[in-house]
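Novice: Note that the protein sequences, when read in sequence, are chains A and B. Under full-length UniProt numbering, the residue at position 102 of the first sequence is numbered 102, and the numbers go up by one with no gaps. Under full-length UniProt numbering, the residue at position 182 of the second sequence is numbered 182, and the numbers go up by one with no gaps.
There's no promise every hint is true.
Heads up, the list lumps identical chains together, so a pair's fine if it works in one copy or across two of them.
With a straight-line cut-off of 30 Å between C-alpha atoms, the simulated DSBU-like cross-links for lysine-lysine are [as the list claims (entries may be wrong)]:
1) K121 x K90
2) K114 x K204
3) K30 x K114
4) K374 x K225
5) K467 x K407
6) K121 x K248
7) K121 x K187
8) K125 x K467
9) K373 x K90
10) K204 x K345
11) K90 x K114
12) K466 x K237
13) K345 x K428
14) K237 x K121
15) K52 x K90
16) K14 x K204
17) K400 x K373
18) K19 x K467
These aren't lab readings, by the way, just hints derived from the structure by calculation.
Here's the letter readout for the chains.
2 protein chains.
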Amino acid sequence: MPSPAEQYYPSEPKAPIIKTPEVPGPESKKRLAELNDLYDCRPAAFMADYEKSIGNYITDVDGNVMLDVYAQIASIALGYNNPALIEATKTPEMIRALVDRPSLCSFPPTDLEKSLNQLLKFAPKGQNRIWCGLSGTDANELAFKAAFIYYKSMQRGYDAEFTAEEEESVMNNEEPGAPHLSILSFKKAFHGRLFAAASVTNSKAVHKLDFPQFHWPHAEFPDYKYPLHEHEEENRKEDERCLANAEKIINTWETPIAAVIIEPVQAEGGDNHASKYLLQGLRDLTLKYGIVYIIDEVQTGVGATGKLWCHEHADIQPPPDIVTFAKKFQTCGYFFHEPKIVPNKPSRQFNTWCGDPARMLIGGAIGQEITDKKLVEQCSRVGDYLFGKLEELQKQYPKKLLRLRGKNRGTFIAWDLETGEERDAFLKKMRANGVNIGGCANSTVRLRPTLTFEEKHADILIDVLKKVLQE
Amino acid sequence: MPSPAEQYYPSEPKAPIIKTPEVPGPESKKRLAELNDLYDCRPAAFMADYEKSIGNYITDVDGNVMLDVYAQIASIALGYNNPALIEATKTPEMIRALVDRPSLCSFPPTDLEKSLNQLLKFAPKGQNRIWCGLSGTDANELAFKAAFIYYKSMQRGYDAEFTAEEEESVMNNEEPGAPHLSILSFKKAFHGRLFAAASVTNSKAVHKLDFPQFHWPHAEFPDYKYPLHEHEEENRKEDERCLANAEKIINTWETPIAAVIIEPVQAEGGDNHASKYLLQGLRDLTLKYGIVYIIDEVQTGVGATGKLWCHEHADIQPPPDIVTFAKKFQTCGYFFHEPKIVPNKPSRQFNTWCGDPARMLIGGAIGQEITDKKLVEQCSRVGDYLFGKLEELQKQYPKKLLRLRGKNRGTFIAWDLETGEERDAFLKKMRANGVNIGGCANSTVRLRPTLTFEEKHADILIDVLKKVLQE
Numbered sequence: 001m002p003s004p005a006e007q008y009y010p011s012e013p014k015a016p017i018i019k020t021p022e023v024p025g026p027e028s029k030k031r032l033a034e035l036n037d038l039y040d041c042r043p044a045a046f047m048a049d050y051e052k053s054i055g056n057y058i059t060d061v062d063g064n065v066m067l068d069v070y071a072q073i074a075s076i077a078l079g080y081n082n083p084a085l086i087e088a089t090k091t092p093e094m095i096r097a098l099v100d101r102p103s104l105c106s107f108p109p110t111d112l113e114k115s116l117n118q119l120l121k122f123a124p125k126g127q128n129r130i131w132c133g134l135s136g137t138d139a140n141e142l143a144f145k146a147a148f149i150y151y152k153s154m155q156r157g158y159d160a161e162f163t164a165e166e167e168e169s170v171m172n173n174e175e176p177g178a179p180h181l182s183i184l185s186f187k188k189a190f191h192g193r194l195f196a197a198a199s200v201t202n203s204k205a206v207h208k209l210d211f212p213q214f215h216w217p218h219a220e221f222p223d224y225k226y227p228l229h230e231h232e233e234e235n236r237k238e239d240e241r242c243l244a245n246a247e248k249i250i251n252t253w254e255t256p257i258a259a260v261i262i263e264p265v266q267a268e269g270g271d272n273h274a275s276k277y278l279l280q281g282l283r284d285l286t287l288k289y290g291i292v293y294i295i296d297e298v299q300t301g302v303g304a305t306g307k308l309w310c311h312e313h314a315d316i317q318p319p320p321d322i323v324t325f326a327k328k329f330q331t332c333g334y335f336f337h338e339p340k341i342v343p344n345k346p347s348r349q350f351n352t353w354c355g356d357p358a359r360m361l362i363g364g365a366i367g368q369e370i371t372d373k374k375l376v377e378q379c380s381r382v383g384d385y386l387f388g389k390l391e392e393l394q395k396q397y398p399k400k401l402l403r404l405r406g407k408n409r410g411t412f413i414a415w416d417l418e419t420g421e422e423r424d425a426f427l428k429k430m431r432a433n434g435v436n437i438g439g440c441a442n443s444t445v446r447l448r449p450t451l452t453f454e455e456k457h458a459d460i461l462i463d464v465l466k467k468v469l470q471e
Numbered sequence: 001m002p003s004p005a006e007q008y009y010p011s012e013p014k015a016p017i018i019k020t021p022e023v024p025g026p027e028s029k030k031r032l033a034e035l036n037d038l039y040d041c042r043p044a045a046f047m048a049d050y051e052k053s054i055g056n057y058i059t060d061v062d063g064n065v066m067l068d069v070y071a072q073i074a075s076i077a078l079g080y081n082n083p084a085l086i087e088a089t090k091t092p093e094m095i096r097a098l099v100d101r102p103s104l105c106s107f108p109p110t111d112l113e114k115s116l117n118q119l120l121k122f123a124p125k126g127q128n129r130i131w132c133g134l135s136g137t138d139a140n141e142l143a144f145k146a147a148f149i150y151y152k153s154m155q156r157g158y159d160a161e162f163t164a165e166e167e168e169s170v171m172n173n174e175e176p177g178a179p180h181l182s183i184l185s186f187k188k189a190f191h192g193r194l195f196a197a198a199s200v201t202n203s204k205a206v207h208k209l210d211f212p213q214f215h216w217p218h219a220e221f222p223d224y225k226y227p228l229h230e231h232e233e234e235n236r237k238e239d240e241r242c243l244a245n246a247e248k249i250i251n252t253w254e255t256p257i258a259a260v261i262i263e264p265v266q267a268e269g270g271d272n273h274a275s276k277y278l279l280q281g282l283r284d285l286t287l288k289y290g291i292v293y294i295i296d297e298v299q300t301g302v303g304a305t306g307k308l309w310c311h312e313h314a315d316i317q318p319p320p321d322i323v324t325f326a327k328k329f330q331t332c333g334y335f336f337h338e339p340k341i342v343p344n345k346p347s348r349q350f351n352t353w354c355g356d357p358a359r360m361l362i363g364g365a366i367g368q369e370i371t372d373k374k375l376v377e378q379c380s381r382v383g384d385y386l387f388g389k390l391e392e393l394q395k396q397y398p399k400k401l402l403r404l405r406g407k408n409r410g411t412f413i414a415w416d417l418e419t420g421e422e423r424d425a426f427l428k429k430m431r432a433n434g435v436n437i438g439g440c441a442n443s444t445v446r447l448r449p450t451l452t453f454e455e456k457h458a459d460i461l462i463d464v465l466k467k468v469l470q471e
């Protein structure tokens with residue numbers, strides 16, 4: 001039986017095709033320079049031709065065809081020009097979602113309930129409600145709003161009325177209506193780039209320099225030794241150190257902590273994994289102190305770690321209060337289960353659009369394809385295969401594959417080089433040899449292929465990797 | 001020659017059809033209750049059937065067909081199921097934008113430049129660059145990021161490097177890397193509901209209660225006497241009082257003011273108009289103090305005030321530094337013109353998606369239709385016609401049309417009732433008589449029809465209004 005990639009993409013290239021000595025080539029450079037006069041696209045790696053991209057291969061305007069293991073910063077679930085998604089764009093529901101975009105919570109459409117139920121089919125275990133936004137940052141900030149409102153409602157009583165003092169003071173951005181509360185996040189975390197999100201983001205200075213932040217704390221994040229199974233005792237101590245640090249902050253920070261947010265793998269901050277022990281320890285701490293527990297699955301979610309949601313590896317009990325999603329789901333927002341996370345009064349968690357119904361339809365179609373084609377199971381299998389090959393390569397080039405990580409985490413794999421310069425040069429060489437690949441943190445290489453990435457694609461990645469390492 | 005509405009919607013209803021004694025009817029109520037278990041839709045007025053909605057008429061699940069002068073909180077430009085927009089959903093570019101959603105500034109698509117140039121054709125006078133986001137709130141917060149980065153870059157020199165102290169302190173959310181700077185906004189303003197946006201929003205306590213805010217100031221907003229031409233002298237004094245108040249805050253606030261943001265009409269806060277004198281006065285103040293001047297056109301933009309952008313009525317010189325857009329443009333973001341509003345280094349104003357190319361295509365098509373069908377000119381003409389009719393009604397029912405405002409501002413018209421209860425009852429009666437209409441602030445009625453609203457629609461609105469007023 002043909003594999004999912006063969007079913008979707010019978011004409012997918014068999015190998016990369018490279019036509020210019022480096023990527024970006026001359027046509028990319030010329031057109032990016034033009035575009036840059038209108039739109040700041042200085043971070044661009046090349047200009048892509050999506051019409052000619054297919055499955056796991058991205059094509060650029062110079063005709064270079066690259067195996068894509070970066071996939072739009074981990075946000076393409078099924079590959080380029082997926083036929084099932086193309087079908088999903090042609091339905092009457094989609095056309096209406098595009099031309100008659102509703103204010104979803106003011107004049108909800110007849111098909112919204114179906115659309116939401118379709119998304120909820122793919123909710124993490126223990127979650128059965130949803131709220132939608134428009135980006136990963138938006139998802140996290142909406143979760144913070146829910147958390148602050150819930151935290152205060154538990155203090156004053158869910159059904160209690162606001163005091164006149166609260167209603168007046170908030171109009172001056174002052175206490176008690178605008179309470180001094182914090183969100184606890186972790187060093188090296190990335191949760192987005194608007195103002196509250198930036199206050200919990202701690203990956204790179206350039207992400208947040210020059211704009212005001214909330215004075216919220218960052219706890220220590222574990223720095224594990226790899227391979228994990230050879231360093232269990234030391235890593236457990238590292239977890240305990242970090243949990244103790246988080247608890248100390250909870251007890252001593254200048255303002256009360258209303259919520260904790262953590263990524264199961266810090267994916268911009270260098271693919272730093274959180275252990276089951278750490279994630280459960282934070283659940284215990286948040287219960288002990290009456291704090292909302294938010295898991296940020298924006299980059300880790302939707303299958304790439306070998307579970308639909310990465311934190312399901314940790315089987316956190318009871319389940320986290322809020323789980324945020326975006327990127328590969330294409331639709332954004334958060335799942336939750338506690339009915340009182342819905343604010344006591346209408347219009348507190350509200351805006352004109354409350355999500356994008358077109359992107360919800362795409363998200364629902366992606367979830368269905370992942371289920372029907374068993375793509376999470378495939379990703380787990382292919383990830384194990386790929387990781388084995390990388391372990392072999394690591395033996396040969398130990399300094400080029402430092403701290404290889406992501407074992408048993410599907411294709412969500414990363415390693416370090418010794419310096420940022422070396423890493424940047426490596427990424428460039430990989431592209432020039434036909435693999436579009438991404439970095440994170442200062443000197444990390446991260447793999448983020450689609451869920452239709454198979455063993456044959458892994459073999460090509462390994463071949464190119466060997467070639468580049470040999471040079 | 002057929003009118004634009006006749007061309008677009010040959011089968012548009014000739015009048016409302018009401019089938020249930022009140023709106024929402026029983027089917028709406030039942031289905032909203034079901035939906036509410038998944039998604040907090042308590043603000044919903046009814047459940048809409050967009051398949052059966054057409055042009056200026058919205059149909060609900062009980063079969064009620066209402067003239068819609070609210071249009072998804074002012075966000076439908078051309079009417080429901082517009083044939084030109086339906087065509088725009090079927091292009092290969094749209095299908096790719098939906099299934100291959102790119103990281104626009106990392107791997108930009110070949111058609112991005114065309115798409116952006118199409119949006120820039122409709123930029124306000126004096127603006128020639130663009131940055132895109134995903135909602136009105138996002139547009140404003142992205143504008144704040146640009147403003148803070150620009151403000152600091154003017155202090156340290158555009159090309160100056162960050163200091164080690166800045167890079168270290170920002171990781172602790174502390175000065176100087178996370179500077180203590182403010183945005184000045186106005187009382188009764190609405191600029192959105194995330195954390196920085198909420199800090200400049202001042203319309204209703206419920207919009208922002210219980211979440212932390214930045215301690216940013218709100219200046220006095222003019223409270224004009226209407227009709228404006230009968231109270232010129234008093235209103236000029238009111239402008240001067242508010243400008244003096246803004247200048248005092250700029251000189252005395254606890255942190256430096258990096259930007260001023262204002263709506264040309266405070267559209268959530270009660271349709272409070274800013275005069276040409278006020279808007280120019282703020283331009284003069286911002287120049288005097290080296291402050292970024294941001295005009296929020298999220299609700300006022302895209303034609304409804306009889307100019308494509310409402311602040312063009314004021315002919316501000318030199319043009320504002322940043323103009324934000326969303327809602328009826330369907331795509332969101334900001335226009336600007338100063339090249340140094342682009343940050344000195346890449347990736348400072350950046351995120352995974354940097355806008356939604358599908359919504360950009362819709363925005364471009366909306367702009368083109370507005371131009372081709374001369375819909376701004378039509379809106380101005382129809383608005384004048386409607387305002388005249390309302391002035392007549394006001395003579396008959398002076399206490400039911402208090403402070404009628406929006407003369408010479410297209411269909412962007414509002415009036416007050418004496419109390420919030422009376423206003424709410426009025427809106428309900430209007431719906432029960434076939435007109436879907438919205439409120440704002442405590443006791444204001446606001447008209448926000450589409451740009452395909454014509455004299456014949458205005459006549460129906462007036463007829464229903466008369467009937468409800470007579471009751």
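Novice: Could you run down the list of hints and mark each one as holding or not?
Specialist: So, going through the hints one by one against the coordinates:
{"no.": "1", "hint": "K121 x K90", "in the structure": "both (22 Å within a copy, 29 Å between copies)"}
{"no.": "2", "hint": "K114 x K204", "in the structure": "neither (40 Å within a copy, 33 Å between copies)"}
{"no.": "3", "hint": "K30 x K114", "in the structure": "between (46 Å within a copy, 15 Å between copies)"}
{"no.": "4", "hint": "K374 x K225", "in the structure": "neither (33 Å within a copy, 66 Å between copies)"}
{"no.": "5", "hint": "K467 x K407", "in the structure": "within (23 Å within a copy, 72 Å between copies)"}
{"no.": "6", "hint": "K121 x K248", "in the structure": "neither (38 Å within a copy, 56 Å between copies)"}
{"no.": "7", "hint": "K121 x K187", "in the structure": "neither (33 Å within a copy, 44 Å between copies)"}
{"no.": "8", "hint": "K125 x K467", "in the structure": "neither (43 Å within a copy, 54 Å between copies)"}
{"no.": "9", "hint": "K373 x K90", "in the structure": "both (21 Å within a copy, 27 Å between copies)"}
{"no.": "10", "hint": "K204 x K345", "in the structure": "between (38 Å within a copy, 13 Å between copies)"}
{"no.": "11", "hint": "K90 x K114", "in the structure": "both (17 Å within a copy, 23 Å between copies)"}
{"no.": "12", "hint": "K466 x K237", "in the structure": "neither (36 Å within a copy, 76 Å between copies)"}
{"no.": "13", "hint": "K345 x K428", "in the structure": "between (53 Å within a copy, 20 Å between copies)"}
{"no.": "14", "hint": "K237 x K121", "in the structure": "neither (38 Å within a copy, 60 Å between copies)"}
{"no.": "15", "hint": "K52 x K90", "in the structure": "both (20 Å within a copy, 18 Å between copies)"}
{"no.": "16", "hint": "K14 x K204", "in the structure": "neither (38 Å within a copy, 59 Å between copies)"}
{"no.": "17", "hint": "K400 x K373", "in the structure": "neither (35 Å within a copy, 62 Å between copies)"}
{"no.": "18", "hint": "K19 x K467", "in the structure": "within (17 Å within a copy, 73 Å between copies)"}
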